[in-house]
Amino acid sequence: MNTSMDTFDILDEVVADMENDDNLLRIKRLLLYASRGEWAKNVDEVVCYGLRQLIEEVLVNVPDADTLKRSLAEQVRNLNSRPEYVESADSIIGTIGFLYPMREQILPKVVKQDTPPAPTPKPEFIPHPFDLRSEICRNASPLQVKILIFSTLYHPFSPRERDWSELNKYDLDDLLQALYQACNSAQEVKDKLYSTAQTSELAEDAQRTAGVIYQAMRSLFNT
Amino acid sequence: MTPRELLETYASGKRDFSGESLLAADMFGAELIGINFNKAELKRTNFTYAFLNKSSFNRANLSAAKLGGAILNQSSMMSANLSHADLHGASLQRVNLFTANMPQTNLMDANLTEADLRSVNLQSSNLRCAILRAVLMREERGYPNANMKNCDLRKADLRGGNFSGVDLSGSDLTGADLSEATLSRVDLQGCNLSHVNMRGTIFSEANMAGAILTNSDGDGANFTRANLDQADLSQCNFSRSNFSKAKLTGANMTYSVFYQALMVGADLSRARVLTSNLTQVSLVDAYLVRAVLDGSDLTEAVLTRAEITGTSMVDVILTGATMPDGKISA
Chain A
0 MNTSMDTFDI LDEVVADMEN DDNLLRIKRL LLYASRGEWA KNVDEVVCYG
50 LRQLIEEVLV NVPDADTLKR SLAEQVRNLN SRPEYVESAD SIIGTIGFLY
100 PMREQILPKV VKQDTPPAPT PKPEFIPHPF DLRSEICRNA SPLQVKILIF
150 STLYHPFSPR ERDWSELNKY DLDDLLQALY QACNSAQEVK DKLYSTAQTS
200 ELAEDAQRTA GVIYQAMRSL FNT
Chain B
0 MTPRELLETY ASGKRDFSGE SLLAADMFGA ELIGINFNKA ELKRTNFTYA
50 FLNKSSFNRA NLSAAKLGGA ILNQSSMMSA NLSHADLHGA SLQRVNLFTA
100 NMPQTNLMDA NLTEADLRSV NLQSSNLRCA ILRAVLMREE RGYPNANMKN
150 CDLRKADLRG GNFSGVDLSG SDLTGADLSE ATLSRVDLQG CNLSHVNMRG
200 TIFSEANMAG AILTNSDGDG ANFTRANLDQ ADLSQCNFSR SNFSKAKLTG
250 ANMTYSVFYQ ALMVGADLSR ARVLTSNLTQ VSLVDAYLVR AVLDGSDLTE
300 AVLTRAEITG TSMVDVILTG ATMPDGKISA
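Protein chains in written order, with numbering that gives the first Met the number 0: chain A, 0 to 222; chain B, 0 to 329.
This is chain B alone, in the form it adopts within the complex (with noise of 0.2 Å):
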């Protein structure tokens, strides 16, 4: 079928395109709204511009067609094979994207907010400044985890979606917007976290293993037995955050601010919490040893039963603390 057959196909009334092939066609700013292109071999194929709101590619091949700036809102891309498609700039809001194999692809500035993204590949795709508000990624029963492995998400607007059980080990959030997401169980090993905004952010169970969140704020985020081994907390507000049974061993936590931060049964084993405020923080059953607190300011602290063998405490500031017997320090 040729690209003008198509339009005037399309323009007698017909909407069911499902398995043709338009390979490689120039589709630019064509208008096809609510076409169905299910099954339809699309390899290459234009549609920069073309307005395809609730249409439908499910199982289509999509792979390397150029889709920017396009107009997908509402369309349904089930495991349709988009893998380096351009989608620079297109607007995908509340798609359909359910186990969608894209990996490689052009994502930057799109909007994909309200998408469903469970089950997708994503891995090395350029998401920089993309919009991923309140998407739903969150792991499927029976389909394996969405995988955002060495993504570029620098700016990357997150906000309230739900990312439980993401991979997205190895990759860029710089300057990205995290505020009340939902990364329970993510991978976010060696991530760079730098100038993030992760305040009521729940990253309960993720593994953070070496990641840099330095400069974040991370107000009232939640860390309950996430794996932060080695990583960079420097720099950081953590006021009135939940690091209970978290894996804080060798991490770097100085310059930052602990305020009224629950770290129960937390392990700091050899963490460097240099210069920080951890006023009012809580220490119970928390094991601090070789840990070094030099300089930091445990004001109010409650340490009741914390293992301190070893926990380098000089210059710090224990006015009004419970310590680990129970008695308070003057």
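With the rest of the complex left out, here is chain A (with noise of 0.2 Å):
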């Protein structure tokens, strides 16, 4: 039988559950809360993280089930809708405390190893949006970064074409999300980015928006 099988079995089990719980929202809270030790107040950012990156989080960082309940119930004190975070944090502590135990074969890498911690994974959605757009528009034409990533992403756009209803439909916070979520990498966004440039209308400007979008968007990526 294969154990790490069977862990990552249960930890999916365990997602595909709390993601139909009524309380999500309040579960990705405390999660947050128990590993990194601040109250999330924005619902945008809330949502963006994935359950199963919030619980790999957690396993990390707490390290037993005692100290994960001791955690949250302080926090749960002190917070409004009490009923409903008591039972979100009932429902995480009979979930993700039972899978202490097997710590080990669920995040091998990070528990041997004493130092260094691995890297956070990467989050669903761009943590803080709007300091990006503004960091890109600051040294490129908005329009420009837009074209650029929408013919990286669906298909070449030529800002002399006249039916612009397609481009139309999304602003410059849909088009970065889909990039962000596109591409795995820092490098794998530039690649992306540099061949549409390339074979663009306006080559030249197009490779020095490429530049800013990339430059602006490598610290998302851990490597």
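If you are wondering where the hints come from, they were derived from the structure by calculation, not from laboratory data. Fair warning: there could be bad hints in the mix.
[As the list claims (entries may be wrong)] Mimicking DSSO-like on lysine-lysine, the simulated pairs with C-alpha atoms at most 27 Å apart in a straight line are:
1) K53(B) <-> K40(A)
2) K68(A) <-> K168(A)
3) K168(A) <-> K148(B)
4) K53(B) <-> K42(B)
5) K168(A) <-> K189(A)
[Stated by the list, open to error] For each label pair, taking beta carbons as the anchor points, the in silico distance ranges come out as:
6) L6(B) <-> H154(A): 27 to 35 Å
7) S311(B) <-> H154(A): 55 to 63 Å
8) H154(A) <-> S17(B): 41 to 49 Å
No residue lacks a Cβ here, since even glycine has one placed at the ideal position from N, Cα and C.
Using the hints, put the two chains back together into the complex; each one sits in its own frame.
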């Protein structure tokens, strides 16, 4: 029997169960608090994180089920909607607490290494989208940025075209999020954008724009 | 003047083209940095992707002009006519648009960082995802207040801007970032302000009657003397915010957090404050007649001289609260 496969199945089951929980948002908030010690007030930020990522983070950062229980109980006491949060905390203890004995199988690399800690998985959405947009648009024409990303993700688009309806469906935030989700590393962002820029109508400008986007997005990836 | 003549004359060193006419000309991608187009007739002219930094368009007619992706940083466009212009994704950093007339313009994704937008008419414009960081839009004596009625400002970046006195009534600001912005005396009647980051935002004396603020984060925001009559403030975070002397009549404030908020002298009559966190809130001199506070937590709240006639307080937690008569609740 493959033990590591079984533990992965258990983690999958826990994630699947919790995804259907009515208190999903509260659960995510509590998990974020347990692993990072900060209470997330922005709902959008909480939604951004994947449940699996948060559970793994808790297993990395909180040493045992008792510590997790104490930390959650303390935070829940200070909260509004207390009954819902008590229920959410119970749900976390009842599932993730149970994963602690299998922690080494679930997170072999992290637990076996004393130092250094594993890199945090990439969040599902860009963590500070307003800052990213502002940084990119400070150094490039926002429309050129949009057209380059749109051409990279969907199909080549020329600013000379008459029909802009397809491009107008997306705002810059939508396109940056889509590009971020389509890439697993900063290098991938760079390769994709430069490849599109080279075949663009205004290649020189497009390559400069690609550089601005890549520079700003580089820090979003761990590698 | 034809586009070719213009480009040749510009290349020879001339910069003053004030009063010239280039009606519907194609100037796509043209490099015309520092050009003077004051009072020029540029209706329907295509300046898409053009480089127009540090240029002057004062009193120019740019109605229905195409300026998508154009670079207009540090240009002066005072009193210009930009009605129905297309400025999609244009770069307008530190541009001076004082008293410009630009209703129904397309400014989607445009960057207006630090622009001067005093007394601008932007009614019914598209500013979705636009950057309006640190803009100057406050009222100016002797000039009408800026008009941003019925604008699309979804996901717009308004951080740190001064919008005092602006008419934003009927606008959609869903998902916008208003943190540290000043919106004193702003008309936000009927606006959609849901999922907005309004941390540290100043809304003093703003008219927010009927506005929807659901799921917003207003930690430390200032709503002093604001009119929030019938507004929806449910599922929000207003910890440490200031609602002193605000009108919250009939407002929906359920499932929200008002931890350590100041509501001194606020009018909460007929407000619905169900299952909310009002711990350590100051309700001194507040008017709570016929308000519904059922299921809320008022631990250590201060209700000195508050009027609670007909206030529904079923299952309310009042541990350590100072009641209207000055007594501490057990």
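A quick look at each hint next to the structure:
{"no.": "1", "hint": "K53(B) <-> K40(A)", "result": "violated (41 Å)"}
{"no.": "2", "hint": "K68(A) <-> K168(A)", "result": "violated (46 Å)"}
{"no.": "3", "hint": "K168(A) <-> K148(B)", "result": "holds (23 Å)"}
{"no.": "4", "hint": "K53(B) <-> K42(B)", "result": "holds (20 Å)"}
{"no.": "5", "hint": "K168(A) <-> K189(A)", "result": "holds (25 Å)"}
{"no.": "6", "hint": "L6(B) <-> H154(A): 27 to 35 Å", "result": "holds (32 Å)"}
{"no.": "7", "hint": "S311(B) <-> H154(A): 55 to 63 Å", "result": "holds (59 Å)"}
{"no.": "8", "hint": "H154(A) <-> S17(B): 41 to 49 Å", "result": "holds (42 Å)"}
Hint check: violations occur at hints 1, 2; the rest are consistent with the structure.
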